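K.L.:
Residues per chain, in single letters:
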Amino acid sequence: MSEVLAYKPVLEVRDLRVSFHVREGEVQAVRGVDFHVNPGEVLGIVGESGCGKSVTAQTLMRLIPSPPSRIKSGSVRFLGEEVLLKSEKEMQQLRGSKMGMIFQDPMTSLNPTMTVGRQITENLKKHLKMSSAAAQKRAVEMLKLVGIPGAETRIHQYPHEFSGGMRQRVMIAIALSCDPALLIADEPTTALDVTIQAQILEVLNDLRGRLNTSIILITHNLGIVAGICDRVVVMYGGQVAETGTVKEIFNHPKHPYTEGLLKSLPRLDTSKDEPLIPIHGAPPDLVNPPTGCAFTPRCPYAMKICQRLDPGLIDCGGTQAARCWLNHPKVQEAKA
Amino acid sequence: MSVPLIEVNHLHKDFHLGRGRTLKAVRDVGFSIRKGETLGLVGESGCGKSTVGRTLLRLYEPTAGEFLFEGQNVYSLSRAEMKAMRRDMQMIFQDPYASLNPRLTIGDSIGEALDVHQLVRSQKERKARIGELLELVRLRADYANRYPHEFSGGQRQRIGIARALAVNPKFIICDEPISALDVSIQAQVINLLKDLQRKMGLTYLFIAHDLSVVKYISDRVAVMYLGKLVELADSETLYRDPLHPYTRALLSSVPIPDPDVEAHKDKVIIKGDLPSAINPPSGCPFRTRCPLAQQICAEEMPPLAEHRPGHFAACHFAGADPA
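Respectively, the protein sequence lines represent chains A and B.
The number in the working numbering is simply the position in the first sequence, starting from 1, with 50 added.
The number in the working numbering is simply the position in the second sequence, starting from 1, with 558 added.
Isolated chain A, as found in the complex (with noise of 0.2 Å):
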């Protein structure tokens, strides 16, 4: 507890950027993105597929091959230490103990060929030098925490055993299991049904008020973002397009790709007479990314500035942050 706490921020990126190799020349993933994350909070990060969300995540494990993917630039601080400079070696004592993670798919993160029992207190043993018997009764505990009834008998059972969301109730007992001071959460639910994925979810809102583990969730899904997450890192174009909190960004967005996320699904409470307003067009490529602001090609609101110019993060007052010329201090000037 007192070490997490030491350290304000829990982890700070700053201006990372990653590239990938392929033919058709180099694919700009992840172009310059800073963010950071408090202790005890959740922070959630939106995007849609190829916006630079998963190869960010990835990168803060360093669990991305290289090649074919180069980190060109930046920092990732946690807990006051750079893990961009860390070897492999120290990379394996930092992930499943501090920094905890839960994928997509819990059945390719599982080992199919032991038991989830075996699965968990080989964490234990490994990163918190448990005993046997000390390990084993910590897992039953973990299994309980996330929800998993008859954990005694469970322990002893391979992951084929459980269905799909008791598998990630195991993937999240397994990643807290040493009590990290971080969880990156990619698309957890995804591969879900809705039943379960509300099961899973209540699983991580419980924990985060019982543990004091800061949660990264990756999710395309603004329904799970608006529920759970403290703050938000909205990606477009392997950037930052907007952050701030969950408040800020739902009830007054300031970049026009987040107006446009959220005006142009259906909700279940809006009324079928409301048109939906779609994003026009698709987004960019990476192997060129445009000078100016990504989403210059499908926004409203484009001027000429916005195809010359990439604004930055410009300050909007409280703590949102928008990469849009329309909340330069000269465009609001003129539009008063």
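These are calculated hints, taken from the structure and not from any lab test.
All of these numbers come straight from a predicted model, not from anything done at the bench.
Please note that the accuracy of each hint is not assured.
[As the list claims (entries may be wrong)] Label-pair ranges, simulated between beta-carbon atoms:
| # | chain 1 | residue 1 | chain 2 | residue 2 | range |
| --- | --- | --- | --- | --- | --- |
| 1 | A | Pro199 | B | Ala699 | 58 to 64 Å |
| 2 | B | His675 | A | Lys354 | 47 to 53 Å |
| 3 | A | Lys187 | B | Asp799 | 47 to 53 Å |
| 4 | B | His675 | A | Thr158 | 40 to 46 Å |
| 5 | B | Asn659 | A | Gly368 | 49 to 55 Å |
| 6 | A | Lys187 | B | Asn567 | 53 to 59 Å |
| 7 | A | Pro162 | B | Lys823 | 35 to 41 Å |
| 8 | B | Met758 | A | Pro162 | 47 to 53 Å |
| 9 | A | Glu132 | B | Ala699 | 53 to 59 Å |
| 10 | B | Ile836 | A | Lys175 | 37 to 43 Å |
| 11 | B | Glu708 | A | Lys187 | 57 to 63 Å |
| 12 | B | Arg696 | A | Asp335 | 19 to 25 Å |
| 13 | B | Asp824 | A | Asn88 | 27 to 33 Å |
| 14 | B | Arg687 | A | Lys322 | 29 to 35 Å |
[Claimed, not checked] Heads up, simulated DSS-like pairs for lysine-lysine below, C-alpha to C-alpha not over 27 Å straight-line:
| # | chain 1 | residue 1 | chain 2 | residue 2 |
| --- | --- | --- | --- | --- |
| 15 | A | Lys194 | B | Lys829 |
| 16 | A | Lys322 | B | Lys593 |
| 17 | A | Lys148 | A | Lys136 |
| 18 | A | Lys313 | B | Lys757 |
| 19 | B | Lys641 | B | Lys757 |
Glycine included, every Cβ here is placed at the ideal spot set by N, Cα and C.
Please build the complex by placing chain B on the supplied structure of chain A, with the hints as guidance.
P.N.:
Same frame as chain A, but now just chain B:
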């Protein structure tokens, strides 16, 4: 009220898995759709919703039941008659990447349907019709010579729609047509489907797991659970006043992109997982997870009864609140 364009009665579909085991994917499903109407069919994976769609088109042969299309029983048609009938009924699939032949130009993919049903007499007419169809789905006519890999997911889905429309169908089954698409692209396809329906008087069966989208596009919605229809009502009523405890749980599980709504929502989180369709629970299929379940639910399958005009639910305690 007009005569329904399609009527499905007591539809069953079993899959035999060997060693005497049977998966009852669809159990006694019935509904009707009027001309120009959209019926949404929702449920979670494995509930049988896609099987219903495929069985209607006889991509699977039904185990029992009847499907009347303009009064004619589709299941009693011969092969030749069925081929002619397929002109009236088309399907749009979920995965726009897998449903187009990568080695055919999209013009030929669309043209294939015209050739099979001999709808064009000359190459010139064929080309003109393909161009017309592409423009109908808001693509450029000169894209006809390109191959599927040159298009994005949203564009491919529109090509799939153009191909379905080539034969001038009356009834289209949309099987998860937008769930493989990115959020910002989904609205483009939803709007296109609504537009086409208005212009061409199409009738849709819209199969999806996303309740918000289904509610938005459908006039009426049917909810499936473990092969059975559990509730059917017009979409506003179903959302405002669901009678079946499963529908209630499903609705409350959908996260709404509004932090204020989410903070004040009454969440009904149902426990447990979907039971196996090979060995479904006795009585009501939902009873193992239901907050209202009583002894009778294990003994007797509640019928899909009309509780209010046009509002059907299959529950012994429809509309009751959990104690």
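K.L.:
Any hints this thing doesn't respect? Which numbers, in order?
P.N.:
Hint check: nothing fails, all pass.
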